[in-house]
Amino acid sequence: MRITQGCFSYLPDLTDEQITKQIQYCLDNGWAVNLEYTDDPHPRNTYWEMWGLPMFDIRDAKAIMGELDNCRRIHNECYIRLSAFDATDTWESLRISFIVQRPSDEPGFMLTRQEVGGRNMRYETRAYVLQKPEGARYDS
Amino acid sequence: MDTPTPIIAEDSKTLHGKERYKSGVMAYKKMGYWEPDYEPKITDVIAVFRITPQDGVDEIEAAAAVAGESSTATWTVVWTDRLTACDKYRAKAYRVDPVPNAPGQFFAYIAYDLALFEPGSIANLTASIIGNVFGFKPLKALRLEDMRLPVAYVKTFDGPSTGIVVERERLDKFGRPLLGATVKPKLGLSGRNYGRVVYEALRGGLDFTKDDENINSQCFMHWRDRFLYCMEAVNRAQAVSGEVKGTYLNITAGTMEDMYERAEFAHELGSNIVMIDLVIGYTAIQSMSKWARKHDMILHLHRAGHGTYTRHKTHGVSFRVISKWMRLAGVDHIHAGTVVGKLEGDPLSTRGFYDVLREDFNPMRLEHGIFFDQDWAGTRKVMPVASGGIHAGQMHQLIHHLGEDVVLQFGGGTIGHPNGIAAGATANRVALEAMIMARNEGRDYYKEGPEILNQAARHCLPLRQALDTWGDVTFDYTSTDTPDFVVSPMPAY
Numbered sequence: 001m002r003i004t005q006g007c008f009s010y011l012p013d014l015t016d017e018q019i020t021k022q023i024q025y026c027l028d029n030g031w032a033v034n035l036e037y038t039d040d041p042h043p044r045n046t047y048w049e050m051w052g053l054p055m056f057d058i059r060d061a062k063a064i065m066g067e068l069d070n071c072r073r074i075h076n077e078c079y080i081r082l083s084a085f086d087a088t089d090t091w092e093s094l095r096i097s098f099i100v101q102r103p104s105d106e107p108g109f110m111l112t113r114q115e116v117g118g119r120n121m122r123y124e125t126r127a128y129v130l131q132k133p134e135g136a137r138y139d140s
Numbered sequence: 001m002d003t004p005t006p007i008i009a010e011d012s013k014t015l016h017g018k019e020r021y022k023s024g025v026m027a028y029k030k031m032g033y034w035e036p037d038y039e040p041k042i043t044d045v046i047a048v049f050r051i052t053p054q055d056g057v058d059e060i061e062a063a064a065a066v067a068g069e070s071s072t073a074t075w076t077v078v079w080t081d082r083l084t085a086c087d088k089y090r091a092k093a094y095r096v097d098p099v100p101n102a103p104g105q106f107f108a109y110i111a112y113d114l115a116l117f118e119p120g121s122i123a124n125l126t127a128s129i130i131g132n133v134f135g136f137k138p139l140k141a142l143r144l145e146d147m148r149l150p151v152a153y154v155k156t157f158d159g160p161s162t163g164i165v166v167e168r169e170r171l172d173k174f175g176r177p178l179l180g181a182t183v184k185p186k187l188g189l190s191g192r193n194y195g196r197v198v199y200e201a202l203r204g205g206l207d208f209t210k211d212d213e214n215i216n217s218q219c220f221m222h223w224r225d226r227f228l229y230c231m232e233a234v235n236r237a238q239a240v241s242g243e244v245k246g247t248y249l250n251i252t253a254g255t256m257e258d259m260y261e262r263a264e265f266a267h268e269l270g271s272n273i274v275m276i277d278l279v280i281g282y283t284a285i286q287s288m289s290k291w292a293r294k295h296d297m298i299l300h301l302h303r304a305g306h307g308t309y310t311r312h313k314t315h316g317v318s319f320r321v322i323s324k325w326m327r328l329a330g331v332d333h334i335h336a337g338t339v340v341g342k343l344e345g346d347p348l349s350t351r352g353f354y355d356v357l358r359e360d361f362n363p364m365r366l367e368h369g370i371f372f373d374q375d376w377a378g379t380r381k382v383m384p385v386a387s388g389g390i391h392a393g394q395m396h397q398l399i400h401h402l403g404e405d406v407v408l409q410f411g412g413g414t415i416g417h418p419n420g421i422a423a424g425a426t427a428n429r430v431a432l433e434a435m436i437m438a439r440n441e442g443r444d445y446y447k448e449g450p451e452i453l454n455q456a457a458r459h460c461l462p463l464r465q466a467l468d469t470w471g472d473v474t475f476d477y478t479s480t481d482t483p484d485f486v487v488s489p490m491p492a493y
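Each protein sequence line maps, in turn, to chains W and A. Okay, so the first sequence: first residue is 1 according to the working numbering, each after it adds one. Okay, so the second sequence: first residue is 1 according to the working numbering, each after it adds one.
Among the clues, some could well be false.
Think about it this way: if two alpha-carbon atoms lie no more than 30 Å apart in a straight line, the pair counts; the simulated DSS-like pairs of lysine-lysine are [to be verified]:
{"no.": "1", "chain 1": "A", "residue 1": "K173", "chain 2": "A", "residue 2": "K88"}
{"no.": "2", "chain 1": "A", "residue 1": "K173", "chain 2": "W", "residue 2": "K62"}
{"no.": "3", "chain 1": "A", "residue 1": "K140", "chain 2": "A", "residue 2": "K184"}
{"no.": "4", "chain 1": "A", "residue 1": "K447", "chain 2": "W", "residue 2": "K21"}
Read the hints as simulated data drawn from the structure, not as lab findings.
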């Protein structure tokens, strides 16, 4: 399966040129670009690992692409997402977020059902890879 | 010895003292409801009405009558006014302008002291402002066009419990409009079949599905059945996509007790959103907002019924006012028009509604129907929902008119896809993502829209099929509810 979190998951994976243009869009808006990676793709896993701090002071798309390359090199079998923070009053949150790297294989999620109280159901979504310890989940 | 100058110099001057309180009937404009020199206080509520006086009734008297009947007046003079600080309680018409290009119609500006209104109650506000006065005989028609709500009053309301930013954080979806679909046919599906539509639409790429306004608990599908099958569908779709999904479970019912019961069950099943209809009434809406706040639930409002009083320009209440009331009342989503779809929606007026819902400060923009500066003082923002007769082929127009913070709901445009519901959903999602990417890259996406869609369709057969099926279907009719002011370049002399 292909997890479809983020802004562009239904399009073919972005090329570096396309990613650079999106970064430029973020910079033009005055947002801070942020890189995060994880090997736990659960839809409600909010806190991916930060690749350093949000790049508040880097205003050059090429430099940010350099950071992305470093992150990819070290975490080559992880999900990496690129997002941008807008600190404007009454927003103060992300303005965009999309996946810029996926592991080569995405096994997906198991849905378990626990029957409780009549026809009610308790659902649990669990990534198959979570059976392995953190850091060893996507090694081939 | 000096004689006091008579106070009745002109026929529309307010009388005072003994003259004012002589028993009998007196013109409203002499009773203190027409005060052309009045300067509204920063804490006043201000309403602007479009008045159409009966033949022979002058506009000043009509405006004063509206002020009177929406505040303290009755048809005759009563001495008991003199037991009160009545100058304060009287609403004051202070300005009357002719409506451009509409003979016989006038905009009347009326100021109300804040003391007239109970804090945090839309019911109380509306009982005054749109109470008796709309049936008042000396007027042919009356329309509430806009209101200025002072910050002091805004702060007495909770506002949306979730709002645009927190909704996005909770769903983990940023940078693009959200996508939804209303399950069709809206009546007759069993719970099991209904859940199938929800599952297919969500797994195909939509973020939300939605019950229609009149899906409550009928013989063909009781509410508990619907909720159970829908939540099975939501959870399955989450597992196959790895994305947060939701379905607006409509909890509208005949009594508050039933609504609370349905809301509690939705909560117990893990739904992240519930839905209500505008027809349940303002107090019920505020109650459900309180409940939603307590249960971390997004509250979706379907504006069922609004067209009966918002659509025609001469009588009723503008939807921009309903938008303001609903932001105060505390809903997180509200249907606010599509511009290009099948339902009423002039582009400029619709822009005004969206601004009211989404901005923290609305500057006066007469060309969008916004008569006043409005400071929302940090009240959370309402996510507008665009629904009704829209499809993937209009994606560039939708983003151009409605922006990014909106739920685009393609019901027929998802479920009617020749290759099935999931294919319809995928077509919409691909069209959306491609258009957002192009916009961010700085392309002139509005002009190049069809080309961008065709390019995206090269790697997405469902989008190709959607474009071939609906092409450029559009609903191009004249709007009935348009702003009266247009921006036209001033002639150069």
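Results of checking the hints against the structure:
| no. | hint | verdict |
| --- | --- | --- |
| 1 | A/K173 x A/K88 | 49 Å, violated |
| 2 | A/K173 x W/K62 | 26 Å, holds |
| 3 | A/K140 x A/K184 | 41 Å, violated |
| 4 | A/K447 x W/K21 | 20 Å, holds |
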